[in-house]
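Chemist: Here are the chains, one letter per residue:
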Amino acid sequence: MQLTVWTYEGPPHVGAMRIATAMEGVHYVLHAPQGDTYADLLFTMIERRSKRPPVTYTTFQARDLGGDTAELFKISAQDAFDRFKPQVMLVGASCTAELIQDDPGGLAKTLGLPIPVVALDLPSYQRKENWGASETFYQLVRAICTPYAPPSGTKREPRPEGRRPSCNLLGATALGFRHRDDVREITSLLSQLGIDVNVAAPLDATPTDLARLGAADFNVVLYPETGAQAATWLKRTFGQPATNTVPIGVGATRKFVEEAASLAGIDATAFLAKSSSRLPWYSRSVDSTYLTGKRVFVFGDATHAVAAAKMATEELGFTVVGLGTYSREFAREVREAAKLYNVEPLISDDYLEVEAKIAEAQPELVLGTQMERHIAKRLGLPCAVISAPVHVQDFPARYSPQMGFEGANVIFDTWVHPLMMGLEEHLLQMFREDEEFNDTTPSHLGHRVKKIATVDIAPSTPTAEPIAVAAMPTEPAAMTKARWTAEGEKELGKIPFFVRGKARRNTERFAEERKLETITIETLYDAKAHYSR
Amino acid sequence: MNALTSIKTAVGIDGCGERPVLRQRGQREVFCGLTGIVWLHRKIQDAFFLVVGSRTCAHLIQSAAGVMIFAEPRFATAIIDERDLAGLADCNEELDRVVAQLLARRPEIKLLFLVGSCPSEVIKLDLSRAAQRLSQTYDPRVRVLNYSGSGIETTFTQGEDACLACLVPSLPPKIDAKPQLLVVGALSDVVEDQFQRMFIDFGLDDVRFFPPRSANDLPAVGPGTKYLLAQPFLTDTARALEERGAVRLEAPFPLGAEGTTLWLKAAADAFGIDDARFQAVTATRHARAAEALGRYRADLAGKRIFFFPDSQLEIPIARFLARELGCELVEVGTPYLHRQHLSVELDLLPADVMLSEGQDVDKQLDRCREARPDITVCGLGLANPLEADGLTTKWSIELLFTPIQGYEQAIDLAGLFARPLDRQSRLRV
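Residue numbers (this note's numbering), protein chains in the order written: chain A, 2 to 534; chain B, 189 to 617.
I should point out that these hints are in silico values taken from the structure, not numbers from a laboratory. One or more of the hints may lead you astray.
Below, a sample of chain B positions facing chain A; criterion: calculated Cβ distance under 10 Å [stated by the list, open to error]:
(1) L222
(2) H247
(3) S251
(4) F263
(5) R285
(6) V287
(7) G337
(8) V469
(9) L553
(10) L568
(11) L615
Every value quoted in this text rests on a predicted model; they were computed, and no experiment measured them. We put the beta carbon where it would ideally sit given N, CA and C, even for glycine.
Whole structure, please, built from the sequences with the hints as guidance.
Modeler: Structure, rendered in structure tokens:
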């Protein structure tokens, strides 16, 4: 058993729903107790989908458990077929139905439906949402494409002369972080490069589309979390190579273009010479100088977190002070990346642990999920969202991809915007002695800043949200701290709020190491000089 | 019984017997009882709700709660994993470990609910024994109780019922036989305070609310306790209170000006408050609420309303909309119809209203689309798809999260229905 407050991922059957809902012509019959229908609202409310997810739940109750839940499943599946007339049916069990072992796959087979039925075996007590999405997409692709597969060992025919190269875009799902816009951006980018998109799936694809997957020259894996498993099977079965680079960031997009061009057997030089993003110039313009070395903490799914860390470092000139993911399946990739930035990788789906690590790292910007946005709000830190789990805000009305050159523009704005306001905040603080300004000058960070300061001064002070204290096990309250003199404290107050916490910590550590009893203005500046080296 | 007769006389109707009810079996698009934790943890401020369940349970509560306003809310899930199921780890030992971890982290917890879920029920994890065991371990610092919020046993608001019912045996016995009024069902604090002020003005000096705001402030119960239900979904709680000797006061629910007056009247009559005093306390407030509602009547009169089953509040709210705002009821669906607790409400409904209990959501959607009501009251999973079909909707979950009971909130309740129509009339896109 694991004590869990908030979760980054739902159960694996929600992953299966993300595939079914992304597609047309697929219906998912889920053996599940009453109440599991809550998952519909993720799609209708968060993503504002105008259609119900194509899911029929058996919604069994206690009285059914004594009777025949298997019969209930068969009735539900038959009714769903009659009403929705899907091209393909997915059948499976949610966590509770898994325990009663009714075998939805076997039961569906007895119905003799005239369409392919794909039985999903998603172990709920072991796996999570992204794994469920990946497995479902893979099972669906395998079930639909197998009849079209060439005999094993057949060498792939070279593309006929004169035909434009084509690829599939794999991995975009319902409820994905900007998947809708990424597919559009990459489709357009590839088209300009001279490569057609044969099928983009699962988002907006039909089972008939999936049947054509084998026709493409290669696959583009947009989201390894959901698309890599299917791509691996397609490579094995149809001999289709796949891209390895996820085009998030200017550098990654250029590398992706080269990779795609090479797989397509075309020359990308001319295309790369004329296309780029505004990001490089915006990053080089003098206004961006103050971004230099900003300490960022990055957390998200593995693909977005690794990409964000690279962009933060190479394209915005930030310093990565923390990197982590909740995707255990991709922990290796994140560990590798963490080495580049010399940080300890954080592989965890324990929200409280993530909060503690962020508090400990004292970043100036958090790049995370909606969960980290809440953490950052409590800690009074600016934050930009880079990854699922998603929130209604992550489905903006405007076009805002993360991938490709336009994606890099979007990301520049998204990440720099909260910091711009940080600079504004700095100016307010600098001029606060001016009679035009005072402590009540409104801050976009609300009143959190003051609370955090309180926490710093006296870790035992109860606050409205004790988590700010409780989450910092690395800052033991018992630590013998040197006493701040009134002047020292006053001087500390003159330091901009977003570095004040760090200054306090450093000064106290400095004093402690030197066994100083009091901290004066001089101690503060001694420490500053010491740590600036 | 006198109180009931006087209510029926007051509104000028006779009981109209059994009504036909449409019952269908199929997919039920409803939350399970775990959802109640979302408001219960705000109400009893030193209680903690530990769901013993799956990742789905944790995901459900998180999704229903909508946003993570609280860093560490007063609820969490002990997620069962494969080691527990494979018997590699003894579930009870694991639960004890998780509870120890939780209580070490949250020393302010005084009352811990172990909340059963579908998986814990199916694997027959005995949470009542676990609660007894843990109560002994942590006595007297923490009391540990258990109830089931599982979807196989409870629908949405039945979770509150199960929670309160499990709390009843902990209520201290009432020492004297002095009459006492107990208001039963979670109300927001502002509503509770308004009712309390009116009860004091009636001259009632022993009025208690259940659940209390603090776990250490449990009301006594016993012979002499007369209780008023503030919520229509408290079947098991009512039974448990009656086993302790409490007597239910028959009344409609305090929704709308009329509902509130009749609800208060049931208490006033039971405690022998004379009519002059009753009028002195309620007349002005009733008139103010009724007048305010009058402004919405123009917007809502004649509007056709369709209720999908959700919270069991459907029937009292339908009664309010029909009688005080002149709405026409197309279908009133409820997940469960408690004829006894709703007897006065049912009598107040128009004679020809179509009631449905339980659900086959696809067939009900067919009926709704066919009827094309002006407002459809439904859950969050259905609202946007219906809007996309051109039907105006009201999310039913808001009816639970918004204070809607009492005189001062009657207008807010009407506003919840008027706003979607207002929006429709404004938009030109």
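Chemist: So which of the earlier hints does this model not fit?
Modeler: 8, 11
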